[in-house]
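J.: These are the residues of each chain, in order.
There are 2 protein chains.
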Amino acid sequence: MIRIGLYAAAFVALGSSLALTQSSDLIVEKKTFEMPSYTTAAGETIKGVKVGWEAAGTLNADKSNAILITHFFSGTSHAFGKYKADDKVAGYWDGIIGPGKLIDTNKYYVISSDTLVNLNVNAPNVVTTGPASINPDTGKPYGMSFPVVSIKDFVNVQKALVESLGIKKLKTVMGASMGGLQAYEWAASYPEMVDRFVAVISHSQPDPFLAAWVDLWAQPIRIDPKWNGGDYYGKEPPLDGLKGALKIVTLQANQWEWAQKTFGMALAEEGKDPARAMNNKYKIEAFLETAAAARAAVADANHFLYLAKANQIYLVDPSKIKVPALIINTPTDLFFPDELVDQTAKAIAANGTVVETAKIVGPNGHLNGLVAIAQAKDKIGAFLNR
Amino acid sequence: MIRIGLYAAAFVALGSSLALTQSSDLIVEKKTFEMPSYTTAAGETIKGVKVGWEAAGTLNADKSNAILITHFFSGTSHAFGKYKADDKVAGYWDGIIGPGKLIDTNKYYVISSDTLVNLNVNAPNVVTTGPASINPDTGKPYGMSFPVVSIKDFVNVQKALVESLGIKKLKTVMGASMGGLQAYEWAASYPEMVDRFVAVISHSQPDPFLAAWVDLWAQPIRIDPKWNGGDYYGKEPPLDGLKGALKIVTLQANQWEWAQKTFGMALAEEGKDPARAMNNKYKIEAFLETAAAARAAVADANHFLYLAKANQIYLVDPSKIKVPALIINTPTDLFFPDELVDQTAKAIAANGTVVETAKIVGPNGHLNGLVAIAQAKDKIGAFLNR
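Protein sequences, first through last, are from chains A and B. Residue numbers for the first sequence follow our numbering, so the first one is 1 and each next one is one higher. Residue numbers for the second sequence follow our numbering, so the first one is 1 and each next one is one higher.
Keep in mind the hints are simulated off the structure, nothing from the lab. Nothing here was measured: the structure is a model prediction, and the numbers come from that model. Any given hint might turn out to be false.
Intra- or inter-copy, both count: the list cannot distinguish identical chains.
[Claimed, not checked] Restricting the straight-line Cα-Cα distance to at most 25 Å, the calculated cross-link-like pairs of lysine-lysine (DSS-like) are: (1) Lys-171 - Lys-47; (2) Lys-235 - Lys-261; (3) Lys-31 - Lys-377; (4) Lys-168 - Lys-320; (5) Lys-359 - Lys-171; (6) Lys-235 - Lys-171; (7) Lys-283 - Lys-346; (8) Lys-261 - Lys-379; (9) Lys-320 - Lys-261.
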């Protein structure tokens, strides 16, 4: 119960400034997909893989109306609907997915699954396999003995899920940020299974700058002595390190305009001027602490490290992609620079593949792609119906 | 000797990709300016304040030819010349300051001083007062009992230095980044002492986003158990935390284009693919580790925290500035966004004050303002002679 409260609080904390959709008529249920064994792209075998998934709509007779939604770094499969009518928040793209909505669940069967090494492994309704999972060979959590997994592995597990439902071809794969990386990976690796894809706030260029940033996100975890080389299960977890990591991600996912509009230079506590004492803080610092604490309460530090690694080693050559693409981004994105997104669009188009593009604007930087996706409604609608 | 080597290595590490000037005919000497007592803007008294300073050129008879160079966050007063003819690197702006150069030391008397709480307190030739200094009242290092100091305090100490030389008015104050903040502060607080000023890669807008980033720079230090609430003098210092902080600053001071051109996705060690093991790294990650280690060897963690605080609490209203300004920036700056720099220029101009602007381009983001300052040579020359 405490966990549910904190989990909601994390989204509410973000939602207060990001206007996430708070209401939905759609009720979804978390299901579990299991694989007795999965061999990673790098050749390591993991036994007893489980990932959670959610769906809305009805799969038609020829199984041709399925859309897969792939989630972002700190996200889960909860992209649409609510688990219970009185949930405080709905899935992150509930504004565009549901009955009668842009991605109409009266027409499409929409699926979303939790990735391997999902960050929110301790959240209710998240099912994932990663370093916090029990290694069946030892009866103990894997910790850092869990094999390296990649975005391709996330996609391979999704593919097994999709195939288990008898689906031969997805109408669309659509995802934001790390979800976009998965969409590019689907198109590159399994073009015969993807009719078209939508990559939001992401590109497919090699980017050592982002790879370096991802290492610095993870850095506070490694510095926290409670991390202990990843061996902390059953002990006190490295909460300061995990919060530290989440603070950086949360801030960099946004932009200066958001900070000015939401906080200005307001103080965390009235009468405690930051100019007067080393421990006095600004309101934005207190917000980051609160948001990170709420997120950390359901997250796992080792899962953060593995997820970070998966993003670093992501490698898809956009010039090889031959599946029609809609690429939506925002020019103020601090993770996926506008110019590199344009390079990806050009690289795909250069081989003769259809590429549509759309730009979203707003004060939220990278997060514009989550909270202001409705700006691209017409483009997405036209692309789905092309 | 080890310290000197590492200090040089830090600059060489940066220099290898940043093309810092490596040769100079100008030899400078570090001098020390002392104040028996200094009372901060917030009203706290510090006894026995010392800061280092360097100068080149000759002060003319009416003492009207002095230019003050103010340094950036991780910088020192070493802006021009070399200490010894065989120094590996010269001061950071040696390309534009010296005999016969843009800021001609045959014509001007150019001064630069180390700030209070200078980051590189353990470097040879750096003289500063801060938490690592001995508190004369206790005979022990201040640690976190050192009072909060601000950019205004840095400027007040510089003002005392300038006045001690009999200088009534500076021809120009010029600085980059935090040095730019000092230039704005000089113009706002002591307009009668500044004929004109040049603020490079900095603005004077309230920016909670940057204030939040600065807190996240400092975060690894606070998480490192060796920091111990700032009480580590005479013990093992929080080197991991300090390196962690310096890595973030180093990366954010640059830009994706630099990372692509300098490193690409090259591996730190041949045959150790990051996709194969959690500890395998990219070359850019190894670079950040090496550069941060070299910098950390002469820096102090508490000084970092106090310097961070000074930047967070900086507060100058640009609309009140009535000293002619030249504002030089770079559109890809991740610390001081282009749009906010433009807002500062407009705010000063709105009160009728002369404001000139120049834009520098290049692959280095914020650091373009240090390494590519020569692009603005004509503008700076015209501004000095206006």
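J.: Compare the structure with each hint and give your call.
T.: Hints and how they fare:
1. Lys-171 - Lys-47: Neither, since 31 Å and 73 Å both go past 25 Å.
2. Lys-235 - Lys-261: This pair counts as neither: shortest intra-copy Cα distance 41 Å, inter-copy 44 Å.
3. Lys-31 - Lys-377: neither (29 Å within a copy, 65 Å between copies)
4. Lys-168 - Lys-320: within (22 Å within a copy, 67 Å between copies)
5. Lys-359 - Lys-171: Within. Shortest intra-copy distance 23 Å satisfies the 25 Å Cα cut-off; inter-copy 47 Å does not.
6. Lys-235 - Lys-171: Neither: 46 Å inside a chain and 62 Å across chains, both beyond 25 Å.
7. Lys-283 - Lys-346: Answer is neither; intra-copy 42 Å and inter-copy 27 Å both fail.
8. Lys-261 - Lys-379: neither (29 Å within a copy, 34 Å between copies)
9. Lys-320 - Lys-261: between (42 Å within a copy, 23 Å between copies)
In this structure, the hints that do not hold are numbers 1, 2, 3, 6, 7, 8, in rising order.
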